[in-house]
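Chemist: Sequence:
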Amino acid sequence: MSGSRRGHRTGWVLWVVLLVGSASAAPRPEAPVRSRTAPALLPPGTEALPTGQIQALEALLREQLKGRLLAGLSVGVARGDQAWTAGYGLRDIAQRRPATPRTTYRTASISKSFTAMAVMQLVEAGTVGLDDDIQRWVPEFPAKAWPVTVRQLLGHLGGVSHYRDPARENHLTQRMNTSEALALFKDWPLAAEPGTEFVYTSYGFNLLGALIENASGMPYGKYLQEKVFAPAGMTNTALDDVRTRDSHHAVGYRRVNGTLQRSARLDVSSRFAGGGARSTVVDLLAFGRAAMASTLVQPETTRRMQVSMETRDGRLTDYGMGWATYPVRGHYVVAHAGGQPETSTFLMLIPAERLAIALSANVEDQGELLKELASAIAAQLLEGGSRRRPISTEDPVDEVLHEGLYRIFTYGRAFETFHRAGFAAPPEPGDVQAAFAEVSALLSRESLTADPHAALKTLKQAHQPRAGRLFIRVGIHMAEQLAAALGPEALAAYPAEGALRFFEDYLRVCAQTPCAEALQFTPALRADIARLAAPWKTANAEAVRTQTLRAGPELPGALESIQRAFSGAPLHPDFSEEALALAQAPGTSAAQAALLLEWAWQTHPGSIAVLQARAEDFLRRGDAEAAELLYRRALARPLGPEQLSAEKLLARANRSPLAAELLRLSVRLHPSSVALWKALAARERALGNVKPAEAALSQARTLAAPPPPGPSPTVP
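Each number in the numbering used here comes from the position in the sequence shown (counting from 1) with 1488 added on.
You may find that some hints are simply not true.
[Claimed, not checked] Here are the in silico distance ranges between beta carbons for each label pair:
(1) Ala2018 with Glu1882: 27 to 37 Å
(2) Ala1544 with Gly1614: 41 to 51 Å
(3) Gly1705 with Gln1949: 20 to 30 Å
(4) Arg2143 with Glu1860: 39 to 49 Å
(5) Glu1860 with Pro2044: 19 to 29 Å
(6) Glu2135 with Arg1954: 20 to 30 Å
(7) Thr1747 with Gly1614: 52 to 62 Å
(8) Ala2018 with Thr2190: 53 to 63 Å
(9) Glu1860 with Val2178: 38 to 48 Å
(10) Pro2044 with Pro1878: 18 to 28 Å
(11) Glu2135 with Gln1749: 18 to 28 Å
(12) Ala1922 with Pro1976: 26 to 36 Å
(13) Gly2045 with Thr1684: 36 to 46 Å
[As the list claims (entries may be wrong)] Here are the simulated lysine-lysine pairs, PhoX-like style, with alpha carbons at most 20 Å apart:
(14) Lys2136 with Lys1945
(15) Lys1632 with Lys1674
(16) Lys2166 with Lys2136
(17) Lys1554 with Lys1859
(18) Lys2179 with Lys2166
Simulated from the structure, these hints should not be mistaken for laboratory data. Just so it is clear, CB atoms sit at the ideal spot from N, CA and C, and this is done for glycine as well.
Using the sequences and the hints, build the whole thing.
Modeler: Quick look at the structure:
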């Protein structure tokens, strides 16, 4: 590899030596060992997945879990009437007890989906109205500035606050009844006017738990047991109570300085209806299957629950009734995550594919890992094992253009397949030709070049109701035309092959049908799509998108092969974060780490991750000026303001050995951030730098001070 980017290679190698040296000081976590249970534990009404699929999933989990600091993990997958479950690692480290599919974990916020299902049963029965004021059912909840309805609470639109003091509220140890759990928050003012903002809240679901008790005349736990858990075939699910746990329950852990320590004690009766249950992955699969099959409520209620609510001013919240709802690579996802002391959980459904994935771990704060695992499992089953990667391009205009194309594709395919599977009606198409003209204007090169940051912001809102659901309507029309011309099964290829193939095929179908010129975008946009789509076929070939980078003798050849596929392509799959992570992995040699870093720099010059890594190499060598130039280059990228926000830079500094250097740089990038100045003051004080600490604290106080009052109005 040659060219101007080869400069400072010595610095990269020095960084590699530092990384390898620090990594070798600690033992490398091995992939948690798969536990064996016989016979297989599967949800009711299912049989085992085919052996080939099970072997592929087992290999995937081994690869994904390698080097992860985890205690125990249980995994469940159900597709149609076939299923697979497994356990990895230990549910109890001290006793060396393995995690299995039978292991029970706290479900945390997945409990909200149970609660919502129970509420909607009462709505179907005519007992409760969605627009009832919650005070009708929970009179001990005092009147607020505005009424709060059942519907709003189900979608986190009721304005009820979430935890105000997590350090205290995540250490509540007393067992609480419903009234005591309500007393924790009932007198607080609302955090927002109902209907105006999405305010995620476990306490709001406690109100719904109280409603279930008062409307049904049954204790919350008993109602769930009889009306939700038993009918769904959930035989090992209940409200969590340490007094009734058995030996199958997982011991909870948290990460502390690279080690696993026992979780702090918390009695979850304080958030009984928002995070108070325990379950197994087998039972979570049973619940997910029941939710997709409308076993517990009528199909119309299922559709209502699995469609995003919206704010009064027309913003989708990506949350329906007890479920998050959003598209991922053209799949309509219905999901819920959970996290609290002792546990991390994730339940993901793709109803159009009848796919449910359940993951539970007994280590806190593993939500991102569980989502990554669920995404990889879905890709293995639905996308031929493709790795899900963003795109990389040096041209910021192409980056924004692709983001617009991708969003049209992912919303369009997701909503079309969700509707065709019978789960929801699509939005009204409206004037489709006018919609295509508007998309052409938004994605014109002139519009994108004028201000890529502003253009990206607009494109990210073009699916919203207040934008006329523009991208959803255009994407659905395209997906419908492709399904009509090529057969519905043709849509299955696009999540792996990408938005460009989706657009290319649509334009080809349009030319053959033919369809109206107004429905083919402008000639300029068609030319831009063709320019990107032709080389994308090679850059995103199956051999590339299924490639996993691994240290070893095959690595140089793999990198060379990928680079050949990328040659001449304006954009290509982004391997930069994988390359950087592998370069830092304890098992990677210094030579291969240097190779990976140089390769990432050569092939991903616009990658924010690579620019950050190179900038921090300069910081290690004391060259803050060069580091700042690279950070500003990264900040200028279309996604720079989002990925390098003050909040994200503060989080990065807090976990970096270069904390002081990063904070000094960050306040230059975000000089108005009070949090960054405060963090810098604390860091300088810890280093004994008294005057810099005082200066940083003074700046923080100045920024935090209210502005001086303006001049008094002149009285005539």
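Chemist: Does each hint fit the structure? Answer for all of them.
Modeler: Checked hints:
Checked against the given bound of 27 to 37 Å, the beta carbons of Ala2018 and Glu1882, roughly 20 Å apart, lie outside it. At about 48 Å, the beta-carbon gap between Ala1544 and Gly1614 stays in the expected band of 41 to 51 Å. Roughly 46 Å separates the CB atoms of Gly1705 and Gln1949, a value that falls outside the hinted 20 to 30 Å. A beta carbon spacing of about 18 Å between Arg2143 and Glu1860 contradicts the range 39 to 49 Å that was offered as a hint.
Take Glu1860 and Pro2044: their Cβ atoms lie about 27 Å apart, and the range 19 to 29 Å holds. Checked against the given bound of 20 to 30 Å, the beta carbons of Glu2135 and Arg1954, roughly 26 Å apart, stay inside it. Taking the beta carbon of each, Thr1747 and Gly1614 are about 55 Å apart, inside 52 to 62 Å as hinted. Taking the beta carbon of each, Ala2018 and Thr2190 are about 54 Å apart, inside 53 to 63 Å as hinted.
Range check, Glu1860 to Val2178: Cβ separation about 43 Å, and the 38 to 48 Å hint holds. For Pro2044 and Pro1878, the hinted distance range of 18 to 28 Å is satisfied, since their beta carbons lie about 25 Å from each other. Checking the proposed 18 to 28 Å range against Glu2135 and Gln1749 shows it holds: the Cβ atoms sit about 27 Å from each other. The hinted window of 26 to 36 Å between Ala1922 and Pro1976 holds, with their beta carbons roughly 27 Å apart.
For Gly2045 and Thr1684, the Cβ-Cβ distance of about 56 Å falls outside the hinted range of 36 to 46 Å, so the restraint is violated. The hinted pair formed by Lys2136 and Lys1945 meets the criterion: a straight-line CA distance of about 19 Å does not exceed 20 Å. A C-alpha spacing of about 10 Å is found between Lys1632 and Lys1674, which places the hinted pair at or below 20 Å, so the restraint holds. Taken as a hint, the Lys2166 and Lys2136 pair is honoured in the structure, with Cα atoms around 15 Å apart against an allowance of 20 Å.
A hinted pair counts as satisfied when its Cα atoms are at most 20 Å apart, and Lys1554 with Lys1859 qualifies at roughly 16 Å. With a CA separation close to 14 Å, the supplied pair Lys2179 and Lys2166 stays within the 20 Å bound.
Checked against the numbered hints above, the structure violates hints 1, 3, 4, 13; every other hint is satisfied.
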